[in-house]
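Student: Sequence:
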Amino acid sequence: MTMDRRQFLKKTAGSALGFGLLLGFMGGVEKERPNYLLPEWDRRGLIRPPGSVAETAFLARCIRCTRCAEVCQAGAIRLFGKGSGKHQGTPFILPEETACTLCLSCGAACPTGAIEPLSEMTEARMGTAVVDERLCVSHNGSGICGACFTACPLKGRAIRQGQHNRPTVDPEQCVGCGLCEDACIVKENKAIRVFSRRRFA
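When we follow our numbering, the leftmost residue of the sequence shown carries the number 80, and every step to the right adds one.
Incorrect hints may have been included.
Unchecked claim - Pairwise CB distance ranges (calculated):
hint, residue 1, residue 2, range
1, Gly-192, Ser-221, 44 to 54 Å
2, Thr-135, Ser-198, 19 to 29 Å
3, Ser-221, Arg-157, 32 to 42 Å
4, Ala-153, Ile-223, 21 to 31 Å
5, Thr-191, Gln-242, 42 to 52 Å
6, Gly-192, Gly-220, 40 to 50 Å
7, Gly-241, Gln-167, 18 to 28 Å
8, Ala-139, Gly-222, 40 to 50 Å
9, Ala-187, Arg-143, 35 to 45 Å
By construction, these hints were calculated from the structure, which means they are not laboratory data.
Computed from a predicted structure; not experimentally measured.
Cβ coordinates follow ideal geometry from the N, Cα and C atoms, glycine included.
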């Protein structure tokens with residue numbers, strides 16, 4: 080019996096072993112990485128703004144007008160710079176630096192449908208947050224936190240809390256905004272991170 084993505088995420092997300100397995104699952108087929116891409120993105124995947132269409136179609140539709148970045152209320156949308164090949168001028172998000180607040184202004188501003196307009200934040204599918212229990216203070220017993228739960232715009236749905244505020248992510252509800260990652264108190268290596276299955280086409 081074949082296990083689909085959501086079943087896999089449910090079984091693996093939120094555990095130290097599962098964290099490692101998820102990296103492998105989401106890695107997909109290895110391709111030579113252009114030198115302008117961060118090495119980490121081989122594992123993390125490419126995070127586009129909410130409402131972005133599939134990568135090949137996205138690159139074909141995006142006219143590099145920068146409107147999405149201009150209207151982003153959080154300043155989360157960045158643009159690939161010069162020397163970025165076919166990705167130059169296209170938008171991306173780095174949650175650990177500035178997370179998406181799901182204002183959804185980018186989809187409304189996009190003139191070509193590279194980013195489709197969304198009416199509800201629950202329609203976004205940017206990625207999936209994964210908890211590394213080895214690093215999470217609420218899970219490893221070194222403290223009690225709850226920052227990710229507090230920051231989550233879908234708290235109680237995308238992130239739930241257990242004993243000692245231990246967070247658990249529901250991959251069917253998580254939209255991948257990265258607000259949890261941005262809020263995580265573990266600074267060196269975040270205990271919760273967003274991963275995307277989107278690869279560099």
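Student: For each hint, tell me whether it holds in the structure or not.
Tutor: So, going through the hints one by one against the coordinates:
Taking the beta carbon of each, Gly-192 and Ser-221 are about 47 Å apart, inside 44 to 54 Å as hinted. With their beta carbons about 25 Å apart, Thr-135 and Ser-198 fall inside the hinted range of 19 to 29 Å. With their beta carbons about 33 Å apart, Ser-221 and Arg-157 fall inside the hinted range of 32 to 42 Å. For Ala-153 and Ile-223, the Cβ-Cβ distance of about 28 Å falls inside the hinted range of 21 to 31 Å, so the restraint holds.
Range check, Thr-191 to Gln-242: Cβ separation about 48 Å, and the 42 to 52 Å hint holds. At roughly 48 Å, the beta carbons of Gly-192 and Gly-220 sit within the given window of 40 to 50 Å. Checked against the hint of 18 to 28 Å, the C-beta distance between Gly-241 and Gln-167 comes to roughly 44 Å, which is inconsistent with it. The hinted range of 40 to 50 Å is satisfied by Ala-139 and Gly-222, whose Cβ atoms lie roughly 47 Å apart.
Remark: the range hint 35 to 45 Å for Ala-187 to Arg-143 is contradicted by a beta-carbon distance near 18 Å.
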